[in-house]
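2 protein chains.
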Amino acid sequence: MTDTIDHAVEEIGTDPAAAVAGWLASFEDALAAGDPEAAAELFGASSFWRDLVAFTWNLKTVEGPEGVKDMLASTLDHVKPSDFRTSEEPTEADGVTEAWITFETEVGRGLGHLRLKEGKAWTLLTTLSELKGHEVPKRARRPMGAEHGASKERRTWLEKRRQEAEQLGHETQPYVVIVGGGQGGIALGARLRQLDVPTIIVERHPRPGDSWRNRYKSLCLHDPVWYDHLPYIPFPENWPVFSPKDKIGDWLEMYTRVMELNYWSSTECTSARYDEEAGEWVVVVRREGVDHTLRPKQLVLATGMSGKPNVPSFKGMEDFKGDQHHSSLHPGPDDYRGKKAVVIGSNNSAHDICAALWENDVDVTMVQRTSTHIVRSDSLMEIGLGALYSEEAVESGVTTQKADLIFASLPYRIMHEFQIPLYDQMRERDAEFYERLERAGFMLDFGEDGSGLFMKYLRRGSGYYIDVGASELVADGSIKLISGVGIDRIAEHSVILSDGTELEADLIVYATGYGSMNGWAADLISDEVARKVGKVWGLGSDTRKDPGPWEGEQRNMWKPTQQEGLWFHGGNLHQSRHYSQFLALQLKARYEGIPTPVYGLQEVHHLG
Amino acid sequence: MTDTIDHAVEEIGTDPAAAVAGWLASFEDALAAGDPEAAAELFGASSFWRDLVAFTWNLKTVEGPEGVKDMLASTLDHVKPSDFRTSEEPTEADGVTEAWITFETEVGRGLGHLRLKEGKAWTLLTTLSELKGHEVPKRARRPMGAEHGASKERRTWLEKRRQEAEQLGHETQPYVVIVGGGQGGIALGARLRQLDVPTIIVERHPRPGDSWRNRYKSLCLHDPVWYDHLPYIPFPENWPVFSPKDKIGDWLEMYTRVMELNYWSSTECTSARYDEEAGEWVVVVRREGVDHTLRPKQLVLATGMSGKPNVPSFKGMEDFKGDQHHSSLHPGPDDYRGKKAVVIGSNNSAHDICAALWENDVDVTMVQRTSTHIVRSDSLMEIGLGALYSEEAVESGVTTQKADLIFASLPYRIMHEFQIPLYDQMRERDAEFYERLERAGFMLDFGEDGSGLFMKYLRRGSGYYIDVGASELVADGSIKLISGVGIDRIAEHSVILSDGTELEADLIVYATGYGSMNGWAADLISDEVARKVGKVWGLGSDTRKDPGPWEGEQRNMWKPTQQEGLWFHGGNLHQSRHYSQFLALQLKARYEGIPTPVYGLQEVHHLG
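Here the protein sequences come in this chain order: A and B. According to numbering that gives the first Met the number 0, the first sequence holds residues 0 to 607 in order. According to numbering that gives the first Met the number 0, the second sequence holds residues 0 to 607 in order.
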């Protein structure tokens, strides 16, 4: 009996619904009163408010009561937030109360997530989900398709679609031009189409999906299907866990067609210039050999966060008599059977290419210059992603949208703290595997702070391999490994290493990664604009390839840059899906003339 | 207090969960004991057990205890049903208790639905959902895509797919050939692909979806999106309510590609013959001008339940100097602006074509020879379909699968009783509309028993128009109407009616409907086989164009016919989706050599 009473008291004391309701009421009172200070007091000393567009017209994380106060002082007057409610029953575990919330602003509706610790906010996520009066026409709002009744002015769907395709970019100008028609450009194009923003996607390949199809033939997605959905049309329930590259290519092609995107294939963007006076871009594209000038207000570079190859310049490269190319241009192993290949690099592409060469009886050597983080695909799926992106997660009600928001709710500043224990688990689980690799001479790391793959991806977009089989070949010597050396020079038929070793080679693959996306801005626009916007990607974590100071969000991605009307979009399929929503809403608001005062426009600390 | 007690007693007395549990336990006991008589006693005097493949390897409805006893006496020994359970909480309303059930048989797993009245079964639906050991590789069973590990025998997805496409129909034979690559053939092809049954779909048009694209340009689906989903890839949530024909064409094209169907387009099936000795078909197809012979074990005609045009033969047709064609060949109104058109017929196509002609300033006259059932699209959506197929239905948890099973659970014998009140409602709601039409001389009906559109569709597949606007044009005289007359003959520039009226015409459209699908069997195979299988479609309702005797299920559709290895598939998108499951399982079982003793193979009462 005492037990029962104690339990009841405890339940009342920590009733998560009441705690959240109380907090939200106080928060809303402070906001309604226009009192940033009072609102800030509801946040813990160590706390994070991450806002995706709803308050800041930016992607922004502010920290602690001071950060909250500063942000609200700048935004409260025009944002006019209201109507904060929970959308499902709050929960409590380990002293943290969690709640899903909805809210409104003057111009939009939002979704959010709140974590309370000891009655104060620890993390708050606010995201803009739609603009009032500009909702996506889906579900109950879906278009009728047929226009009932009879009219002598009727045009059919096909006639309208054809007319639009003929006129856009000629008689009429798109509001947005997206350079790059891979998954990023396609996902953003689909969002903009649904929001009725005239958009042209420019892609140099003949068909949507070719940027996947043209890569080495054994390539499959390294991320599982649950993580990879595009907006609006999820992969079907029979879709493979890891899409083969040609299959994902076909999906992107059909998606582009079915979503009715204005997709200019076989079209290369050759230059872009911002016409300050007109407030628009002058974009020159060559479409099937003919130059066109487009004049969009907004220019999005979606050329791939891994789009611009880092081609190294080693002494003697010009003398090499065999085949040599960057990994992005590697055609696959078929032509090299029985020959000798040297692959310089030890990340994802290097491993995939080495394994495919070995499978085709090529004598292959991997040259590892610096340490690499290896994580086994199974372990990553189960320990790293399973809670949010897996069949089990779907079964237990974690929809893709929910998973994306949970992931987004973890502030980058403390994300590594959540990641480290997961990678400790993987390290233990796969201890024997890692031992075998080290015995073969492979230089391993788990990131400078042991936070593993995802943080490496966010910080630098490189430095890892998700093992789907190549590591065993390295461990057992099938793929020969030379590690801890540099390249001295390339000779006619060999690679000469810094320790003097000479590796005979018929083929050299430079799996040397990719540069910052503002390299594209330099090529297409100007060095000046590239310097003005600065480095793209990374958090400012002060780890290798991601210098400080701390920036709080990914540099220049999916948000306003220092160059008016210039945006960067991309990332993996998850990011292309999730962040295309926020970039599309930012563009739509500008298209509709809705004021978009940006809070905390990022500063430039690094040029590229 | 008395109230409360009474209420409690009442609740116990009618507890639907207990009632269902009790019934299922008795039912399973009787089945386990191999006692058809005991099982039959659990059914009411007026009762219906509809089985889709699970017990009968057929689509079969048996009636009353006698029907149940007969069916079980023939099937119980080999079916070995077991493990009947409810899958959600049973409900009770108006004296009928309803339950969703699952069960197993010796070879498969099933879903079902049960309605009890006064403790006895009123309706029972049993459906086969999968074969044990041959489950569809979806969700947790989805393929990996990438094969982890390294192997010198590795072939990529693309290499395998290409090899299959090159070999199937040449070095290797398909187990199934589907003639007709419209929605029916495509949906069945997708199911068979997922079940790993080698299949070729033969389609005369160049691209999947062309059978829609080639029709008159104003055509949109008359059924709403919720009713139209294909298997595995539902339409996205932004899909229009009524798909324009070219948009559905594009969807079918991408679906065929993404589902990896072996789809031989630009291929005409020119003949088929059953080789009794070999137990296989000899199917000759002309693919891009070259003849191939295919030797499948199973031949499916999916040429459209509205596939074979009824072209009338009126006196003088050969003398007509203008354009004349069957509605299926009508190109749309563009070439007829300012001219005079006569459309013979008054069903869906006639109305759509008349409206499009009027919209393009054609002087158009509709000749109505017999009465037509008209139902307004809005009313049909709200009253006829809304409970099962609508955004509201989806919101309230009625998934497409559930809607299909609820619909399937209503036995055809009594379905009109459920339909009549709905059409009474529509008649009342739209009374003024119907009055206007009748004032214009239009001959209306609601089916012989007032059961409206869906029963007309099931019984004869014709005799109605879903009004999306043309009826107002008829009512206000924009479309001229001549009704209650026949055609006497066609002259050089006119149509002469049976009452002597002469209608000038530059264009005559014969919107005269379609014949029975066994007409295709006559063309492709032989008159003998066409007669052997008999009329396709209809229930034997003893109403116009659907002569008795009562057959209980659609004649010859989706189930074994009197011709070994010959099947008919098709219908609207709903039927193509729903029944392709049962046809695919029947074919898969045969492919795997699982015994499929057919109970109650249909008899032939009508030749065509």
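Keep in mind the hints are simulated off the structure, nothing from the lab. Treat the hints with caution; some may be incorrect.
One copy or two, it doesn't matter: identical chains are merged, so the pair holds either way.
Subject to a maximum C-alpha distance of 25 Å in a straight line, what follows is the list of computed BS3-like cross-link-like pairs (lysine-lysine) [said to hold, decoys possible]:
no., residue 1, residue 2
1, Lys401, Lys137
2, Lys68, Lys159
3, Lys479, Lys401
4, Lys137, Lys116
5, Lys479, Lys151
6, Lys137, Lys531
Quick rundown of the hints versus the structure:
no.	hint	result
1	Lys401 to Lys137	both (18 Å within a copy, 22 Å between copies)
2	Lys68 to Lys159	neither (50 Å within a copy, 60 Å between copies)
3	Lys479 to Lys401	neither (44 Å within a copy, 57 Å between copies)
4	Lys137 to Lys116	neither (37 Å within a copy, 41 Å between copies)
5	Lys479 to Lys151	between (74 Å within a copy, 16 Å between copies)
6	Lys137 to Lys531	neither (39 Å within a copy, 49 Å between copies)
Checked against the numbered hints given earlier, this structure breaks hints 2, 3, 4 and 6; the rest are met.
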